[in-house]
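Residue numbers (our numbering), protein chains in the order written: chain A, 1 to 525; chain B, 1 to 525.
The hints are simulated quantities; they were obtained by calculation from the structure and are not laboratory data.
Since this is a predicted model, take the numbers as computed values, not measurements.
Among the clues, some could well be false.
Stated by the list, open to error - Computed footprint of chain A on chain B, listed as stretches where at least three residues anywhere in the stretch have a Cβ under 8 Å from a Cβ of chain A: (1) 243-255; (2) 433-442; (3) 446-460; (4) 466-474; (5) 487-494; (6) 506-517.
Unchecked claim - Subject to a maximum C-alpha distance of 30 Å in a straight line, what follows is the list of computed DSSO-like cross-link-like pairs (lysine-lysine): (7) B:K505 <-> A:K447; (8) A:K67 <-> A:K95; (9) A:K447 <-> B:K59; (10) A:K241 <-> B:K241; (11) B:K336 <-> B:K315; (12) B:K447 <-> A:K505; (13) A:K505 <-> A:K336; (14) A:K67 <-> A:K373; (15) A:K439 <-> B:K30; (16) B:K505 <-> B:K59; (17) A:K59 <-> B:K447; (18) A:K59 <-> B:K80; (19) A:K241 <-> B:K439; (20) A:K505 <-> B:K95; (21) B:K80 <-> B:K95; (22) A:K439 <-> B:K336; (23) B:K59 <-> A:K373; (24) B:K447 <-> A:K439.
Every residue gets a Cβ at the ideal spot worked out from N, C-alpha and C, and that includes glycine.
Protein chains: 2
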Amino acid sequence: MTAKVLIAGSWRDADSVGTFQATNPNTNEKLAADFPISSWADCDAALDAAQQAAREMRKLGPEPIAKFLECYADKIEAAKDALVEAAHAETGLPKSPRLADGELPRTSGQLRAAATSCRSGDWALATIDTAAGIRSCYEPLGPVCVFGPNNFPFAFGSVSGGDFAAAIAAGNPVIGKANSSHPETTRLFAELALAAAEETAMPRAIVQLIYRTGHADGERLVSDPRVGATGYTGSRSAGLKLKAAADAAGKPIYLELSSVNPVVLLPGALAARGTEIVDEFLTSALMGTGQFCTNPGVVLAIAGEQTDQFIESVKERFGAAPAGTLLSPAVAVSLKSSVQQLCDFGAKLLVGGGEVEAGRCAMANTLLTASGKQFLGDPEGFQTEAFGNASLIVVADDLDELCNVIASLEGNLTGCIYSDPAGGDDAAYEQVAFELTPKVGRVLNDKMPTGVAVSAAMNHGGPFPATGHPGFTAVGVPGSLLRFAKLTSFDNVRPGRLPVLLADKNPTGTTPRRIDGVWTTGDVG
Amino acid sequence: MTAKVLIAGSWRDADSVGTFQATNPNTNEKLAADFPISSWADCDAALDAAQQAAREMRKLGPEPIAKFLECYADKIEAAKDALVEAAHAETGLPKSPRLADGELPRTSGQLRAAATSCRSGDWALATIDTAAGIRSCYEPLGPVCVFGPNNFPFAFGSVSGGDFAAAIAAGNPVIGKANSSHPETTRLFAELALAAAEETAMPRAIVQLIYRTGHADGERLVSDPRVGATGYTGSRSAGLKLKAAADAAGKPIYLELSSVNPVVLLPGALAARGTEIVDEFLTSALMGTGQFCTNPGVVLAIAGEQTDQFIESVKERFGAAPAGTLLSPAVAVSLKSSVQQLCDFGAKLLVGGGEVEAGRCAMANTLLTASGKQFLGDPEGFQTEAFGNASLIVVADDLDELCNVIASLEGNLTGCIYSDPAGGDDAAYEQVAFELTPKVGRVLNDKMPTGVAVSAAMNHGGPFPATGHPGFTAVGVPGSLLRFAKLTSFDNVRPGRLPVLLADKNPTGTTPRRIDGVWTTGDVG
């Protein structure tokens, strides 16, 4: 029995060019269910249905869309056990607290936050210029393709996660492309979403699901004229191919590709609370077996006794800590290869690097070091992302070399700076922050990068190649909705014909609008 | 004597691979001044200097940058006569009112509006989440390359126009690439900008100017690691090449490429005020000899007596109106070729199409018609932009065919709908607007598209291929600044280290900030 795809509101046999199975990374065994690899015909049918759904959604307006999101969130919570069971089998992520108590409530919470923003319209930056007779806001862009990653089967899932929530809340239907490592989990979500669509009388094609396509069909999908935009989270190589295709067609594509998330440890921080920092680093670096987009992959410090001690402690703790299970055989292969590459570039392996007990996807917790000079000799090589439970500590001779290393970094999602709580590092902080800030989407102080709060002030984004555009965030409402929207001005448009968000009367009484330069929740005039 | 380029704060001999001269389109004679075609060495030197200037500007903060913009605006007004003289010689645009009384005050006004936004920080969407301890805002992105168009030597000029003003106000230095049709005008602006930089103690490389490069060097420039982003206004073919290069490097590029700006005339509008609409159309279509980005290139109407009469009147008036001068020999060649293409596709030439008196760049005012069926048979062909004083009227059999024609349109900057003032067309309006709105950046009622107000609610943008991204506007403050900025979150960052915009105290007392979900000009707490 091969699973059915969800196209145009029905679960139907795929027009299949092959099948695949997921693997249980805790046992290395293939899971029983077969999933289809769709041909272009499936994509084409999904695009047609999505285009029709997009038209219907434009007529419905925000309230029923918000209800759909809330209904879906309720259903996810009600189906918690089945979702956790499926995701645990497919990803090896612990059932509790990770899946059941962390990721699942985050997922339903994101959907509800998106619903609130959808209903309020606060995301659309409604702007009214009464003197010029012009009004503008952001509006839905059209069908959104979502390619979800392997590491968050719920919260970044292609039909459940942040991109899905943002795309729907902005008024667009979603065509989900499941991550091949957890197709059954994604299928369960799509069932719940379809049930929510039925219950709230939404177009059934508000959510569609295919599991996998050939590369060429994926590229064709994101560049199709019927598509509004694409959200992609995954490997840099696959993402860049999709980006090239979408860019050539003028279709926005938002990518979250890779990031080593530099953590700078200034001497005063290590002196004041080195032991705590070891604890914090350990937790952050090995959390989820290091498979977080914001995993601290590179630590930057200045040579000295405190740094030696930090390295020694981390080495011991990495060696002593149990090696978690990786998400899939592919992740294990890629991690081993990245660690090998770093060694080939000259990094020194302090601990780990090898197998743990057989029978599951895993690698020993791995710590490498390199000098600042080595890093500066091949910045690109030393920024190879080792996705998983491996980190590289780069030791610079002095502050100037540290700053040079930072200046040689690519774009990253995050950059952390630990400094003396008493202010002893303040001059160094200024130099370091000046170099680091332009390179990252989020600057942190005295705090590790994992843990991406769903906040209006969050930027889960950053300069290329961390993402495809430095101006957008993938997490946080209302900002994340703007990725899936077009700006539209209404110039001299008669009052009865304006979007409700731009009418004289504030549609909710609480929606913030910029009227003649002033943000207000009031009416015009 | 070959003109010097402005690099790293000095006027110096270009590292030149050739020279070119502009042409006076009113006489078809080459102008005396020689301008250099720069090699990569000039671009490279400009990039180094821009990178350094960007670092200095980040340290300066908004106040001196605002002062620079205001000082530059003053100098532009003081140099009005020379600027108008140069631009008239190079573009053939009338000295008055167009250049002296229209475009020049618009240009200085844009610079002052950008200064106001820079000082206020209202563009940066400062967001503070006190509970999560996260604060975010938009920050400068790095050096911006600006490629200005031929048709607005002041207001969209590479070192004077909207992109320049927005890039600088967002805190970035600009490398201007002059439009080859008005290099002397651009040189004069760069002199004024440099003088303003000196007077306000800004880094001298805040503005740099090269006149022309080879295509490969242009592509290398926009994709260089030292570049933050690029603004380009010009032809679709050159723009798409730059886009491909910038996209591949992950560098934002904002393009304004081409647009036929459909104008829909519903029957009730023609019945109620057909004569006025002829007047309005004539003014808009022939203004600036039709060389506006928002020129109404395609009129869409439904077959009937009123439409016939409209066409007849426009034909007469086009025939009777003097043919303006085109911007350059290249524009004249391209216009003739586009009109010929439209005829080849089957459009009927009603008037014009041929030469006027010799000795200047011009073509007779040109009107073509086609049926809705013809248009639907080759939508791409019939959307060939005829940049200049030519328009195409498409006559659909009925409302359904009209809507099909609209549904077949590419992305455009604007879409106008004229309808019965008494409401007789309201049902048709709803159908037409539903199809048209997703295709355009700005919807207008009962008004022609030319005249792009500098308003916070303006969107001078639209879906591809009108621009490169549907979420951004090239005109209007504060929105246009966001193109040249990166979003940055500050997570747990110590109070004294935050950007002033994100400090507890509102930096100006009037800057709007979103604090815990509410837009306010107050302080935190």
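Status of the hints after comparison with the structure:
| no. | hint | verdict |
| --- | --- | --- |
| 1 | 243-255 | holds (count 8) |
| 2 | 433-442 | holds (count 7) |
| 3 | 446-460 | holds (count 8) |
| 4 | 466-474 | holds (count 6) |
| 5 | 487-494 | holds (count 8) |
| 6 | 506-517 | holds (count 3) |
| 7 | B:K505 <-> A:K447 | holds (24 Å) |
| 8 | A:K67 <-> A:K95 | holds (29 Å) |
| 9 | A:K447 <-> B:K59 | holds (25 Å) |
| 10 | A:K241 <-> B:K241 | holds (18 Å) |
| 11 | B:K336 <-> B:K315 | holds (18 Å) |
| 12 | B:K447 <-> A:K505 | holds (24 Å) |
| 13 | A:K505 <-> A:K336 | violated (60 Å) |
| 14 | A:K67 <-> A:K373 | violated (56 Å) |
| 15 | A:K439 <-> B:K30 | violated (47 Å) |
| 16 | B:K505 <-> B:K59 | holds (20 Å) |
| 17 | A:K59 <-> B:K447 | holds (25 Å) |
| 18 | A:K59 <-> B:K80 | violated (51 Å) |
| 19 | A:K241 <-> B:K439 | holds (27 Å) |
| 20 | A:K505 <-> B:K95 | violated (44 Å) |
| 21 | B:K80 <-> B:K95 | holds (10 Å) |
| 22 | A:K439 <-> B:K336 | violated (48 Å) |
| 23 | B:K59 <-> A:K373 | holds (28 Å) |
| 24 | B:K447 <-> A:K439 | violated (45 Å) |
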